[in-house]
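Residue numbers (my numbering), protein chains in the order written: chain L, 222 to 573; chain Z, 222 to 573.
You can't tell identical chains apart in this list, so a pair holds if it fits in one copy or across any two.
As a list, the in silico PhoX-like pairs of lysine-lysine whose alpha-carbon atoms are at most 20 Å apart:
id, residue 1, residue 2
1, K481, K372
2, K243, K372
3, K229, K299
4, K229, K372
5, K525, K481
6, K299, K279
7, K402, K525
8, K488, K372
9, K402, K481
10, K531, K481
11, K473, K402
Derived from the structure by calculation, the hints contain no laboratory data. Keep in mind the model is a prediction, meaning the values are calculated, not measured.
Protein chains: 2
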Amino acid sequence: TFVLDRDKAEEAYRQKLVINGKETMFFNILPLKYQWAYDLYKTMKANHWEPEDIPMQKDIEQWRDTTAVNDIDRWIIKMGIGYFSAAEGIVGDNILHVVREVVTAPELKLVLGRHAHEENIHADSLVYMLSSLGINPHECEAMFEDVETIKAKNNFVVSNSRALRRDIDLTLTENKQALAKNIFMFGQIMEGTQFYGLFGMILSLYRQGKFPGIGQMFRYTLRDESNHIEVFRNLLMDLVDENPDVWTEEFKEDLRATMKEGIEIEKAFIRDCLPVDSLGLTLDEFLTYIDYIGDRRLESCGLKPLNENKLENPLPWLAEMMDIKKETNFFEGRVTEYRKASSLDTVDDDEL
Amino acid sequence: TFVLDRDKAEEAYRQKLVINGKETMFFNILPLKYQWAYDLYKTMKANHWEPEDIPMQKDIEQWRDTTAVNDIDRWIIKMGIGYFSAAEGIVGDNILHVVREVVTAPELKLVLGRHAHEENIHADSLVYMLSSLGINPHECEAMFEDVETIKAKNNFVVSNSRALRRDIDLTLTENKQALAKNIFMFGQIMEGTQFYGLFGMILSLYRQGKFPGIGQMFRYTLRDESNHIEVFRNLLMDLVDENPDVWTEEFKEDLRATMKEGIEIEKAFIRDCLPVDSLGLTLDEFLTYIDYIGDRRLESCGLKPLNENKLENPLPWLAEMMDIKKETNFFEGRVTEYRKASSLDTVDDDEL
Ligand SMILES: [Ca+2]
Ligand SMILES: [Ca+2]
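Based on the provided sequences and hints, a complete structural model is requested.
Printed below as a string of structure tokens:
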């Protein structure tokens, strides 16, 4: 007695939307509307890693050895573990309690679920680093509580996220813009730009042969981040496509100004907390690197860069460990080739 | 200048609670307070599987072959895929937007994140089954829309979950009880009992050599479910430990009555939709099996079973494929040995 109702099927497809779509009780992933989301879900799965797979013996030896590493190196590691312990939690909470809460299309929920799951894995990897090195987690936390530049960095995103953790009427343009801004702030400013100061520091140590296990985990984390940035960028672009009222000139300027603020906050943090010169880097180059990334994020969302003159990447070796180049052709190629290998060893440098 | 403040560390530990604890911005998993949560997180990871690992060639051949399987077999598969597509979505939404939203201890958030991730994998496995067999997903959905006994089953949990998707004051006993009831309903009644009617049907087919790929995926799913039931049971028990005002005689009777209602709903669904006899099972035994499971779930939470006389499992072969025995010693052994193998082949029948 049950027959397929083709009109119903087409109606269901039409009602698949980033927001304000049908809150289907059924996890109606098929037929796919947001192909990129399912493809990216598969890519993210193929990149799966677990902290226990990475040996920490060498890191433990170095941590205890007064000649192999110095206290500045240890400081950077603690700073990295402490910052990302907070940051991954903030990102995860925002995905689950802000973005996934309002997104209605099931394949978008699927990829957001994977995104949140990877924040879990990252948090677990930090626990693994802490317990391997025997660092008291509260010591890490205590390092943070009194540092204004870190508080500023966290408050910048947390205050935005908290404001959205309530029922909001997403038929109103201003509320849609608040959501779009949240997606931009988390994907492009926080994960996309503010994460890169500490990533750069830890990978500098890794390049010097220091803490190879931790460095490897951060390389895996970075590969994941490049997908997170892409998830949130595609989500923003599709939200804007479906809700063109969001994308006013004024709103675009607001996003650029927010990126500017995020970059300033990151630079203040770097100046205050990251002993760049002790790693043989110059502060100037390091800060320019942050500007460079910020501009790339803006451009990838169709926004004007902050710097009139196109910046060159001042730290090309970092680009080799981080995924930057792949994004340059975003608007030409859109996000079609997600093909990545499941093992880090067979991945192009381009992709990290 | 940063020193470890031991008092602060101890205070942070004390403020780790299931609910109403410190909403720490830091993902302060260490030092662990809820050891079971971290252990179970590791077990769940060790059980990781992906649908693409399971070959579907045989299933596809059978699906197309008019002699190998009959239309009742196909009906059961469609019913299974359709029901779980809805159910896994409902469970996932409830974990993320009700339970994880209010739980404050980070290791609990971690394991709930893994739980939600596994619902994602299960949903993805259903997509894989649908697309392998070439079933139109809307045909599956259409099968459901007019069936009262299925609507009753979904409404039973959805109405509870929706009522909690808002800010609630969790210092009030009645609201804590509403949360505790949600955790009981989802973990013990829905995932713990109502899932087992269709699980039983699909594993009956599997035992007859029908749809081996689908059967294998459901066996993996069941292994995951046994952990989900455990996560939610431990969560309930710790919530009650920390909030003894929840656990009144009246409330316990309410949970028993709700289980009774859940079982009646499941039995009505079985009578209406599951052609038990066509698989060589008797309806009576099949319904008793549901009673049997319901009582085990109640007992595992320290609640009196619904049936005065201890029921025997009428379908012992199903117990061999499903995890029931392990739970009998819950209160003696608490949840200490989570050790499981990562491959299904090396797992005791007890555990499935
Ligand atoms: Ca991330
Ligand atoms: Ca489940």
